[in-house]
Amino acid sequence: MSEEPEILLGFYVPPHPHPLLAPEQNEGWGRLREAFDTSRQRIEESKADLMLIYSTTWPSIIGHQIQGHPSPVFTHVDDDFHFLGSMSYEFRMDAEYAECFRDACEARGLHARTVAYDGFPIDTGSVVALKLLNPDNRIPACIVSSNVYSNRAEQIVLGKAARDAMTKLGKKVVVVVVASLSNRMFTEHIEPSEDKIHSAKDEEWNRKILEFFADGRLEDISQLSRDIQGQIRVSKVVAYKPAWWMAATMGQHNNFDGEVLAYEALHGAGGAVIQLTPAKGGIGDKEFDEDDVEYYHGDRSVLDKGML
Amino acid sequence: MGCLAPHPPHVVYAENPEQNEPFSEGGWESLRWGYHRLARKLREIEYDCIVVLTPHWQTYVGTHFLGLERFQNISVDPIFPNLFRFHHDITVDVELAEAMHDAAAEAGIITKMMRNQDFRVDYGTIVSCHMMNPDWDTPIVTISSNRSTHYYSNEVMNEQAAALGVAVRKAIEDSGKRVVLVASHSLSHRHFVTEAPLPEDMSREHIYNHSQYVWDMKVIEMMRGGKMKEVIDLLPEMIEQTMAEAEGGGLTWMMAAMSMPDYPAEIYGYQSVIGTGNVIAAWDPNSATREIVL
Numbered sequence: 001m002s003e004e005p006e007i008l009l010g011f012y013v014p015p016h017p018h019p020l021l022a023p024e025q026n027e028g029w030g031r032l033r034e035a036f037d038t039s040r041q042r043i044e045e046s047k048a049d050l051m052l053i054y055s056t057t058w059p060s061i062i063g064h065q066i067q068g069h070p071s072p073v074f075t076h077v078d079d080d081f082h083f084l085g086s087m088s089y090e091f092r093m094d095a096e097y098a099e100c101f102r103d104a105c106e107a108r109g110l111h112a113r114t115v116a117y118d119g120f121p122i123d124t125g126s127v128v129a130l131k132l133l134n135p136d137n138r139i140p141a142c143i144v145s146s147n148v149y150s151n152r153a154e155q156i157v158l159g160k161a162a163r164d165a166m167t168k169l170g171k172k173v174v175v176v177v178v179a180s181l182s183n184r185m186f187t188e189h190i191e192p193s194e195d196k197i198h199s200a201k202d203e204e205w206n207r208k209i210l211e212f213f214a215d216g217r218l219e220d221i222s223q224l225s226r227d228i229q230g231q232i233r234v235s236k237v238v239a240y241k242p243a244w245w246m247a248a249t250m251g252q253h254n255n256f257d258g259e260v261l262a263y264e265a266l267h268g269a270g271g272a273v274i275q276l277t278p279a280k281g282g283i284g285d286k287e288f289d290e291d292d293v294e295y296y297h298g299d300r301s302v303l304d305k306g307m308l
Numbered sequence: 001m002g003c004l005a006p007h008p009p010h011v012v013y014a015e016n017p018e019q020n021e022p023f024s025e026g027g028w029e030s031l032r033w034g035y036h037r038l039a040r041k042l043r044e045i046e047y048d049c050i051v052v053l054t055p056h057w058q059t060y061v062g063t064h065f066l067g068l069e070r071f072q073n074i075s076v077d078p079i080f081p082n083l084f085r086f087h088h089d090i091t092v093d094v095e096l097a098e099a100m101h102d103a104a105a106e107a108g109i110i111t112k113m114m115r116n117q118d119f120r121v122d123y124g125t126i127v128s129c130h131m132m133n134p135d136w137d138t139p140i141v142t143i144s145s146n147r148s149t150h151y152y153s154n155e156v157m158n159e160q161a162a163a164l165g166v167a168v169r170k171a172i173e174d175s176g177k178r179v180v181l182v183a184s185h186s187l188s189h190r191h192f193v194t195e196a197p198l199p200e201d202m203s204r205e206h207i208y209n210h211s212q213y214v215w216d217m218k219v220i221e222m223m224r225g226g227k228m229k230e231v232i233d234l235l236p237e238m239i240e241q242t243m244a245e246a247e248g249g250g251l252t253w254m255m256a257a258m259s260m261p262d263y264p265a266e267i268y269g270y271q272s273v274i275g276t277g278n279v280i281a282a283w284d285p286n287s288a289t290r291e292i293v294l
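So the sequences go chain by chain: S and X. If you count the first sequence from 1, position 140 lands on 140 in our numbering, and the numbers rise without skipping. If you count the second sequence from 1, position 77 lands on 77 in our numbering, and the numbers rise without skipping.
Hints are supplied without guarantee of correctness; some may be wrong.
[Unchecked claim] Dumping the calculated DSS-like pairs for lysine-lysine here, alpha-carbon to alpha-carbon at most 27 Å:
id: 1; chain 1: X; residue 1: 170; chain 2: S; residue 2: 236
id: 2; chain 1: X; residue 1: 112; chain 2: S; residue 2: 196
id: 3; chain 1: X; residue 1: 41; chain 2: X; residue 2: 229
id: 4; chain 1: S; residue 1: 305; chain 2: S; residue 2: 196
id: 5; chain 1: X; residue 1: 170; chain 2: X; residue 2: 41
id: 6; chain 1: X; residue 1: 218; chain 2: S; residue 2: 305
No lab work stands behind these hints: they were computed from the structure. Note that this is a predicted model, so its numbers are computed, not measured.
Construct all of the structure, not just a fragment, from the sequences and the given hints.
In structure tokens:
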């Protein structure tokens, strides 16, 4: 058994349902759909035997939830974009990996549990990703939630736990993060033809992040996460977590060939389909002042230490 | 009448209704018994519809209204699926929902009717409505929570939710219907991130921290004193300090629809659920039937 997991590819894809349900309504949504289709083809050719998804549209509170139902079936409708249509699904999940991932989380101090209930509401982002990237369920999948209270240390340990489980089971993995870049949508209804990035500032930051991705600088993006959150992320949650998780899961380095397959507006938010392929040699000469973390120790009981 | 009706799925789980799949040994009695008393009061008054604003139907593009007559499905809580897998059969007053939608649109609020038959009604609506009316014999209207707190600020949320409340009041008055308004949410809203092996083990249940408790008590005291305008003015600060679920706009919307009551609220119960602070309160505009409950 190798000590390093075999991660074949990484993808960063948007959570909005438009590329799945309405690609014909806007040229940009159509280009995102084409990028999804290209990604699907490359995933099929990769010989992966697991697709691990981290979805920012699956929030959790009780630790980290991992989808463990072997064959979830339902019809999902998005809260905002219900008028675009319904998303019926029947997925194939890797329940063995889900259990192993949970155990690996617990071994690193995280609270985690699998969920395996008929009718469990799989989130829009995961449904879109699985239906477009793995439409025939060729590759068993697993989905992990994004805990609303978690921050950097917890996300990095969560990524390392995902690696532990991949290594233990000897999986060949495609890692998928479902998240926007800038996530500010228009707050009014718009015609599809009117879609554009919400602001020039969001556009500028998105382009900068895409430069990093194209250069394969995933760890650098992770280190910039707090800046990105402050600049272009609506404060739905406390931090821009997907970069931390993705970088930790994929090895905490910049050694990737990056390719931006598409970047378009999705009701104002920045949606990109990006591929990262592990490569020899990386880019960048940065070192960072935030400690790496191997084990999650939880709250430090600051409030119990009494008032000053 | 207006009710602040928190929706932790734990209270339905603890009731063991036939619609819910999991089985419990009870728990959270202070809240459940409070709900029982409120449900008894509601059986004594005549009303045509329950109108709920829920923070678990989160919309970023305007405010949405359920727009189909019937929803039958299973609702599985995404956070607590071990506690809540509820088979529901919900009837909607579409005529009233459309009237509210139109009144809100006329007032300049971004709106949308939800007419997808596959749509799953959120568990906030279901928990609050089940605890207040377990017979499910009255139609409802569900209004989504626009996330203006996230996109702008707590103050903007307050302004927009109040405008929605005024518009909804006009629609209700024009319809001639008698409604019960429901703001479906807790007060302080910081959760524990771990769960007891037996979720209904009440030896493990307490408020997340004392600061949350003090805020909750302050607001309840103001409710008892009929100071709802002051509560709404204070709400942005409370949300900031306690992550209060009023961020979804429910309380502000309901108080605006009731013209900011200056009479005492009826308090039916207060209890923490997985660390969050929950009060069941009601505002009865009829002084003849208004009670001091607790």
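(request) Quick one: which hint numbers does this structure break? Sort them smallest to largest. (result) 1 and 4
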